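Colleague: Could you put the whole structure together from the sequences, leaning on the hints where they help?
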Amino acid sequence: MLLVSVNAAGFLGLSYEFRWEILFQHPYLGWLVEGILTTLKLSALAWLQALIIGVLVGAARTLPWRFLRAIGASYVELFRNIPLLVHLFFWYFAAPEVLPHAFQDWLVAHGIEFWSAVLGLGFYSGARFGEVFRAGIQAVPHSLIEASASTGLSTVQSYRFVVLPCAVRLLIPPLTGETLNLLKNSSLALTIGVAELTFMTRQVESYTARGLEAITAGTLIYLALCLVIAALMGRVERRLAIPGLIARGITPES
Amino acid sequence: MKRSAICLFAAALLVVFAAASGRAETTLEKINRTGVLVVGTRTGSPPFGFYNRQNEWVGFSIDLARLAHQKVEQKLGKQIKFELKETVPATRIPLLSSGAVDLIAGTMTITQSRRESVDFSIPFFVTGAQLLVKKGSRIRSLKDLEGKRLGAQQGSTNERIVREKWSKIRLVVFQDQPAAFTALAQGKIDAYTNDGVQLAGLKAKAPNSGNYQVVGDFFSYEPYGMAMRRDDPDFRLLVDLALMEAIEGGEYFRLYDKWFGPKGEVPYPLSPEVRVFLKYLVIPR
Amino acid sequence: MDWQVIPDNLGFLLKGLAVTLQLALMAMVLSFPLGTLAAMARLARRPWLHWPAVLYIELVRGVPLIMVIFWFYFFLPIATGRSLDNFTSALVAFIIFEGAYMAEIIRAGIQSVPRGQVDASLSTSLTTLQMMRYVILPQAFRNMLPSLVTQFIILFKDTSLAYIIGVIELTRAASIVSQREIRPFELYVFIAVVYWVFTFALSRLSRLLEIRLSHRA
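Residue numbers (my numbering), protein chains in the order written: chain Y, 1 to 254; chain X, 1 to 285; chain F, 1 to 217.
Accuracy of the hints is not assured; some may be wrong.
With beta-carbon atoms standing in for the labels, derived distance ranges [stated by the list, open to error]:
hint : chain 1 : residue 1 : chain 2 : residue 2 : range
1    : F       : 52        : X       : 29        : 31 to 37 Å
2    : F       : 85        : Y       : 155       : 56 to 62 Å
3    : Y       : 19        : F       : 116       : 54 to 60 Å
4    : Y       : 100       : X       : 221       : 41 to 47 Å
5    : F       : 141       : Y       : 103       : 52 to 58 Å
6    : F       : 52        : X       : 161       : 55 to 61 Å
7    : X       : 230       : F       : 141       : 49 to 55 Å
8    : Y       : 37        : X       : 161       : 24 to 30 Å
9    : F       : 210       : Y       : 19        : 48 to 54 Å
10   : X       : 208       : Y       : 223       : 46 to 52 Å
11   : X       : 161       : Y       : 238       : 50 to 56 Å
12   : F       : 18        : X       : 148       : 38 to 44 Å
13   : Y       : 230       : F       : 112       : 21 to 27 Å
Interface residues of chain X toward chain F, partial, derived using beta-carbon atoms under 10 Å [stated by the list, open to error]:
hint : residue
14   : 94
15   : 98
16   : 137
17   : 177
18   : 179
19   : 181
20   : 205
In silico negatives: residues of chain X with every beta carbon more than 12 Å from chain Y [what the hints assert, rightly or not]:
hint : residue
21   : 53
22   : 63
23   : 67
24   : 70
25   : 122
26   : 123
27   : 140
28   : 151
29   : 261
30   : 270
31   : 275
32   : 276
Derived by calculation from the structure, the hints in this document are not laboratory data. Given the structure is predicted, the values throughout are model-derived calculations rather than measurements. Note that beta-carbon positions come from the ideal geometry of N, C-alpha and C, so glycine has one too.
Modeller: If you want it as structure tokens, here you go:
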């Protein structure tokens with residue numbers, strides 16, 4: 001069997017010697033770890049930004065004031081429909097040009113690549129998170145909203161104490177999906193010079209000419225990160241679950 | 001009866017597989033089979049491989065690769081298609097090893113460590129790493145860049161040297177030249193490093209070339225060569241002969257003048273030492 | 001700001017747009033059969049169908065699109081023994097990538113068809129494949145149409161990633177012009193508008209479809 005499979009590999013024309021130990025040598029292992037940390041930092045900061053924007057936009061789109069709904073809808077339509085790559089190029093190459101020179105110089109000295117990536121990723125994901133929050137709020141049973149109004153809570157108060165807490169429980173599954181998307185999208189930051197994980201796999205590959213090993217490592221690490229995040233959010237969902245609140249299936253696109 | 005039939009069948013399979021898994025095919029065999037010579041080159045490195053004002057893909061390295069193409073057609077005795085594919089420092093060796101391209105003709109420096117993965121032709125150009133800065137900058141060498149920001153392309157020799165020997169310099173690494181040059185133009189990096197001739201090309205093509213200067217002594221020796229897969233002596237001989245014939249016959253100098261002469265895309269005069277060096281590369285028949 | 005750079009290079013930029021559209025349309029059309037097969041395989045009970053489908057779908061959905069593009073850019077030539085141009089490498093990567101996401105949409109669509117339909121078809125002695133083809137899939141398709149349009153919008157935007165391996169689609173065309181002219185603001189705003197116009201039109205179409213379908217159902 002072994003003979004057949006080895007010969008089969010030759011038959012396919014694959015003449016490649018795997019050398020996995022390269023990945024664990026200095027400095028390549030250090031680079032990969034640095035890449036993982038940068039990816040996590042970038043994703044975490046963008047996630048916070050997207051979360052805040054998402055709550056605001058999602059709420060705005062469901063409040064009874066048309067003006068707010070229009071603003072929320074415009075934000076989502078604008079930021080969601082432009083590719084993330086264009087967002088990143090915009091925040092890195094185009095946007096800083098309108099700032100005063102002194103501020104630009106300060107930014108350049110303080111990691112402009114990283115912060116442009118955070119902004120671009122955050123604003124883009126904010127639009128997608130906004131849709132998740134909107135769907136979550138709209139999925140809150142109407143009876144709850146009416147009940148809170150009948151106890152004399154103002155609109156803002158009922159949002160704060162009833163609607164949003166309820167919506168949060170409902171939207172954790174789609175939010176997990178969008179969070180994973182955010183993590184995967186962070187890889188685009190390499191185009192504006194951020195040394196995140198995908199950048200580092202290319203770096204290892206260009207120094208060692210060991211493409212298969214480097215890309216396999218990168219793939220496995222992303223898979224592992226996604227699994228960890230999905231597991232974490234699953235635990236959060238279980239901790240926050242309100243017994244008796246039936247989770248209805250909702251999708252961000254609805 | 002059944003058992004021996006199975007053994008016979010398995011043995012036959014092994015023989016078939018063993019016969020099929022012979023040596024990998026050579027580049028000339030591959031070109032002959034597919035009818036295409038795929039050449040990897042640059043799109044943003046004037047005048048070696050770039051898009052001119054008419055948005056056509058042209059360049060000095062591309063013209064030299066065409067000479068090799070002619071020799072391949074001569075040798076194989078049939079028409080072979082000439083195809084260009086973009087490669088950047090980070091992708092060119094993998095693309096060559098995987099068979100996606102057959103010849104890298106761009107701005108690739110011949111180095112000892114690269115010789116472990118690919119083979120090179122004789123050098124067809126000589127330059128060295130320098131710095132591109134904006135006019136008025138006080139940067140004149142790598143030493144002046146300590147604590148400042150230097151742009152480079154991922155996977156290039158310049159990036160490697162700076163990373164290994166000049167750790168006080170803050171490297172900003174881009175995927176391609178357009179991104180790095182725009183960053184320099186906007187002041188996001190204090191200098192951009194690449195081989196001197198490529199910097200001269202960028203400067204020549206920039207909308208206001210007076211705004212940029214190429215500074216610094218060569219902090220590396222960069223002989224450009226064409227790269228091909230290892231252990232492929234026939235193809236390598238063809239490419240070398242094509243280059244030698246061009247140097248001996250004068251076609252090389254005509255092409256050099258076309259791209260680097262006073263009326264060329266990027267004026268970069270051929271120094272007398274390099275001229276002699278190239279002439280001595282032509283071995284006697 | 002000098003907006004003249006746009007009309008001066010409009011031909012080149014529009015060629016990039018044409019490549020973007022080509023890439024998106026071909027990838028969408030070709031990934032649909034792949035996604036359908038993967039979805040049906042995932043729903044199958046036989047382990048030799050189920051587990052490879054799960055592996056494919058979860059593996060592809062767990063990594064960034066850039067990684068998938070790199071995988072195919074480097075390894076397709078090794079596997080096929082021929083060199084492929086950038087467009088084809090990108091197209092194959094997109095088909096494989098979209099196939100996994102389509103599979104999930106189609107699976108949701110199939111599972112949204114009422115169980116009664118399955119029972120009814122089996123009771124009229126249709127084979128599983130016939131049932132799929134004539135009863136389940138047509139209904140599922142109607143249910144998942146809005147999600148499919150949304151996925152197409154996402155794919156249309158994702159074509160910009162083919163930039164990384166040198167495909168001259170819209171974003172890369174803008175980048176090439178930007179290097180020559182150093183006008184990133186004008187160029188990136190222009191392509192942002194172009195992308196926006198297309199995706200906005202598509203999302204309006206999706207909204208229309210949703211409304212029409214809910215009237216019918």
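Colleague: If a hint holds in the structure, say so; if it does not, say that too.
Modeller: Taking the hints in turn, this is what the structure says about them:
1. At roughly 35 Å, the beta-carbon separation of residue 52(F) and residue 29(X) lies within the given 31 to 37 Å, and the hint holds.
2. The supplied range of 56 to 62 Å is met by residue 85(F) and residue 155(Y), whose beta-carbon atoms lie about 58 Å from each other.
3. A beta carbon spacing of about 57 Å between residue 19(Y) and residue 116(F) agrees with the range 54 to 60 Å that was offered as a hint.
4. Remark: the range hint 41 to 47 Å for residue 100(Y) to residue 221(X) is upheld by a beta-carbon distance near 43 Å.
5. For the pair residue 141(F) and residue 103(Y), the beta carbons lie near 53 Å from each other, so the given range of 52 to 58 Å is met.
6. Distance hint for residue 52(F) and residue 161(X): a CB-CB separation of about 47 Å, inconsistent with the stated range 55 to 61 Å.
7. Distance hint for residue 230(X) and residue 141(F): a CB-CB separation of about 52 Å, consistent with the stated range 49 to 55 Å.
8. Checked against the given bound of 24 to 30 Å, the beta carbons of residue 37(Y) and residue 161(X), roughly 26 Å apart, stay inside it.
9. Range check, residue 210(F) to residue 19(Y): about 53 Å between beta-carbon atoms, so the 48 to 54 Å window is met.
10. Our hint of 46 to 52 Å for residue 208(X) and residue 223(Y) holds, since their Cβ atoms are close to 48 Å apart.
11. As the Cβ distance of residue 161(X) to residue 238(Y) is approximately 53 Å, the hint placing it in 50 to 56 Å holds.
12. Taking 38 to 44 Å as the suggested C-beta distance range, the pair residue 18(F) and residue 148(X) conforms, at roughly 42 Å.
13. The supplied range of 21 to 27 Å is met by residue 230(Y) and residue 112(F), whose beta-carbon atoms lie about 23 Å from each other.
14. The beta carbon of residue 94(X) is positioned within 10 Å of a beta carbon in chain F (closest approach about 5 Å), and the interface hint is therefore held.
15. For residue 98(X), the interface hint holds, since its Cβ comes within 10 Å of a Cβ in chain F; the closest pair sits about 5 Å apart.
16. Evaluation of the residue 137(X) hint against chain F yields a violated restraint, the C-beta minimum of about 17 Å exceeding 10 Å.
17. With a least beta-carbon distance of about 7 Å to chain F, the hint placing residue 177(X) at the interface is held under the 10 Å criterion.
18. A hinted interface residue such as residue 179(X) counts as satisfied when its beta carbon comes closer than 10 Å to some beta carbon of chain F; here the least separation is about 7 Å, so the hint holds.
19. Hint status for residue 181(X) relative to chain F: holds, with the closest Cβ pair at about 6 Å, below 10 Å.
20. Using the Cβ-Cβ criterion of 10 Å, the hint placing residue 205(X) at the interface with chain F is satisfied: the shortest such distance is roughly 6 Å.
21. Under the 12 Å C-beta cut-off, the non-interface status given to residue 53(X) relative to chain Y holds; the minimum distance is some 22 Å.
22. The beta carbon of residue 63(X) is kept farther than 12 Å from every beta carbon of chain Y, the shortest such distance being approximately 27 Å.
23. Interface exclusion of residue 67(X) from chain Y stands, the closest Cβ pair being 28 Å apart, more than 12 Å.
24. With a least CB separation of 29 Å from chain Y, residue 70(X) remains clear of the 12 Å interface cut-off, as annotated.
25. Here residue 122(X) stays apart from chain Y, with its beta-carbon at least about 22 Å from theirs, past the 12 Å limit.
26. The non-interface label for residue 123(X) is consistent with chain Y: the shortest C-beta to C-beta separation is roughly 21 Å, beyond 12 Å.
27. The claim that residue 140(X) lies off the interface holds: its Cβ sits roughly 21 Å from the closest Cβ of chain Y, which is beyond the 12 Å cut-off.
28. The claim that residue 151(X) lies off the interface is violated: its Cβ sits roughly 8 Å from the closest Cβ of chain Y, which falls inside the 12 Å cut-off.
29. Consistency note on residue 261(X): stated as away from chain Y, and its beta-carbon is indeed over 12 Å from all of that chain's, at 34 Å minimum.
30. Against chain Y, the non-interface label of residue 270(X) holds: every CB pair exceeds 12 Å, the least being about 31 Å.
31. No beta-carbon of chain Y is positioned within 12 Å of the beta-carbon of residue 275(X); the least distance is around 33 Å.
32. The Cβ of residue 276(X) lies farther than 12 Å from every Cβ of chain Y, with a closest approach of about 34 Å, so its non-interface assignment holds.
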